[in-house]
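Enquirer: Sequence:
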Amino acid sequence: MVNFIENINKRIQIGSSFLLLLTLFNGAIVMNFHKLIYKNPAVMILLLFFLIVTIIDYKKWWAVFCNIVISIALLILVFPRIGNHSTLLLFFSLLIFCLLTIKLFKKNYLFNHDLISYCFRIATVTIYFYTGFHKLNTDFFNPCVSCVNGINEFTISNLFNVDFIVKPSLSRFFQISTLIVECIIPFGILHSKTRKYTIITLLLFHGYLSLSVFADFSAMALFLLIGCTIDFKQNNIPQKLVNSLQLYLIFIIIAVVGYHLLHFSKIEDIRHRFIQGLLFNIGFFGFIYTYFKTIPIKTFVFKKEYFTTLFSISFLISLWTLKSYIGLGNAGNLTMFSNLVTEKSRNNHLLIDTKKTKLFDFEEDNVHIVFINNPFIKENFNGFKIPVAEFRFLVNYWSRKFNKPIPCTLIYKGKKEHFDDIRKSPFTKTKWWYKYLSFRKIQTSSPNRCRW
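First residue of the sequence shown? That's 1 in the numbering used here, and the numbers climb one at a time after it.
No lab work stands behind these hints, which were simulated from the structure alone. Given the structure is predicted, the values throughout are model-derived calculations rather than measurements. Yeah, the Cβ is synthetic: ideal placement off N, Cα and C, and Gly gets one too. Incorrect hints may have been included.
Okay, the calculated beta carbon distance ranges per label pair [what the hints assert, rightly or not]: (1) F402 - I326: 43 to 49 angstroms; (2) D361 - K415: 15 to 21 angstroms; (3) I377 - V301: 53 to 59 angstroms; (4) F97 - S446: 41 to 47 angstroms; (5) K404 - L316: 18 to 24 angstroms; (6) S169 - H418: 46 to 52 angstroms; (7) D420 - R346: 18 to 24 angstroms; (8) T201 - R451: 41 to 47 angstroms; (9) H418 - L104: 56 to 62 angstroms; (10) K355 - L204: 38 to 44 angstroms; (11) S446 - D365: 35 to 41 angstroms.
List time: in silico DSS-like cross-link candidates among lysine-lysine, alpha-carbon distance up to 27 angstroms [stated by the list, open to error]: (12) K323 - K355; (13) K441 - K35; (14) K303 - K193; (15) K323 - K435; (16) K435 - K401; (17) K39 - K401; (18) K435 - K413.
Starting from the given sequences, assemble the full structure and let the hints guide the process.
Expert: Written out as C-alpha cells, the structure reads:
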C-alpha cells in the first residue's frame, strides 16, 4: 500500500499552494458532515482519520482525495436536496476529483495557474451576488418576518446571554447590511487593491454567521476566498502558516467532536451550535490572521482567452440559481433565508415578475394539506400547499422510508380528500426527475415567513 501511494505521488506533482488549498477543502468536507458523528459514526471516523493525516502532513494530498471520494458518494445520491454549501462542496469535489485524475494519467499536464485564480474569483463573486439578489423582495424588507431577525436574535442572545429581540429599526439595518455584504462588497475581489480587505470583510461576516449554525458554510467560504487570493505558483509555504493551518483543522475536530459531546451535557440544545461556532472560530480567525500576515497579495495577469471560460462559469451559476423564476424549483439554489415567493399569483421579488417569467407551472399545480400526521415527518406541512411534483416525490419517499400509516387530509383541484394512509394513495406515483425540481412548501397567507 505504501509503495502504491509513493508511485502515485511520483506521477502527481502538486505545488505547495495547491496542497494548502486542498487541505482547507478537507476541513470543509469534515465540517459539512459534522452531524455524521452520531448518525453514521463509522463514516465520520473515516473522514476524521483522513483529516488527521493532512494535519500531520498537509502534503498528503491522497488523504484529501479519499475524503473527496467519500463526499461525492454521500452527496451525489441526495443532490439537489441538500444545503447550498453542500451543493458547492459536491461541485468542487467532482472538479478536484477530475483534475487529480487528469494529473494521474497525464503526468506532464500543466494547469494554467492564473486562469484557476480567475475562475475562483468569478465563481465566488457570482455566488455571493445571487445570495443577495434573491433577498430583493418585499418580505425580506418586512421587519416582522425578515430572515435577518431570527439569525441575529439567536447569535446576539447567545453572545450576551440575554433574550434579545430585533426591533424594526435594527431589522432594517441588518437587511441593508446583508445586501451590501452579499451583493456589493464581493466585487472588490476582482481588483488587486481591494481584494485583501474585501476577503477579510467577508470572512468576518462568516465568522459572525458561524455563531448561528453556519460554521459548516464558513469552512467552505474560507476555501473559496483563499482560492481567490492564493498564488498557485508559490511553492514555499512559511512554516508559521502551516502551523496555523494545523491548528485550524484541530479546532474543526474539536468543534465536530465537541458538538457531539454537548448532547451529554446539561447545556440546553439550542446553545450547542453556538458553542460549536465559537470553537470553530478560534481556529478560523487564527488561520485568517496568520495567512494575511505572511502571504503577500499577488496581481494576476488577465488574458483575453480567459473570457469564454469565465463567462461560462458565471452563466452556468446564473442558470442554476435563477431557475426559481421560471418554475423549476426554489430550494437549494442560493435562495436560502430570502423570504422569497415565486408563485405567479403571489410573487414578491422587487425586480422579477414571475407572472411574466414563469415557463413551467409545477408550483401552481399544488395540493393544500389540511392535516397530515406521522411522528417521523419532522417538517410541519399542515395548512401549507405543496406543489404536486414535490408532494409525489415526498409521498414516494415516505412510502419507502416509513412502515407506519400516514393519515392525510388534503384539497386538490377544489376537492377535499382523506386518506387513511397517504402511502397507499395515487400520490405515490412519481417521476424520477421530480427529485431534481425541489420546491419549498407554500405559505397560504402573507407576509411570507422566513424558511431555509
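Enquirer: Could one say that the CB atoms of I377 and V301 fall in the range 53 to 59 angstroms?
Expert: 55 angstroms, holds
Enquirer: Assess, step by step, whether the Cα of K39 is no farther than 27 angstroms from the Cα of K401, and give holds or violated.
Expert: Distance ~16 angstroms between K39 and K401 Cα, so the pair holds.
Enquirer: Just tell me: holds or violated, for the beta carbon distance of D361 and K415 against 15 to 21 angstroms?
Expert: 19 angstroms, holds
Enquirer: At the C-beta level, are H418 and L104 separated by a distance inside 56 to 62 angstroms?
Expert: This hint holds: roughly 59 angstroms between Cβ atoms.
Enquirer: For the pair we were handed, K435 and K401, check the Cα-Cα distance against 27 angstroms.
Expert: Holds, at about 15 angstroms.
Enquirer: Assess, step by step, whether the Cα of K303 is no farther than 27 angstroms from the Cα of K193, and give holds or violated.
Expert: 19 angstroms, holds
Enquirer: Can you let me know if the beta-carbon spacing of T201 and R451 is within 41 to 47 angstroms?
Expert: 28 angstroms, violated
Enquirer: Decide if the proposed pair is consistent with the structure: K323 and K435, CA atoms, cutoff 27 angstroms inclusive.
Expert: With a Cα-Cα distance of about 15 angstroms, the restraint between K323 and K435 holds, given a limit of 27 angstroms.
Enquirer: Okay, K404 versus L316 on CB: inside 18 to 24 angstroms?
Expert: 43 angstroms, violated
Enquirer: Is the distance from the Cβ of S446 to the Cβ of D365 consistent with 35 to 41 angstroms?
Expert: Distance hint for S446, D365 is violated at roughly 21 angstroms.
Enquirer: Next pair to validate is K323 with K355; report whether the Cα-Cα distance is within 27 angstroms.
Expert: 14 angstroms, holds
Enquirer: Does the Cβ pair F402, I326 satisfy 43 to 49 angstroms?
Expert: 33 angstroms Cβ-Cβ, so the 43 to 49 angstroms window is violated.
Violated hints for the displayed structure, listed by number in ascending order: 1, 5, 7, 8 and 11.
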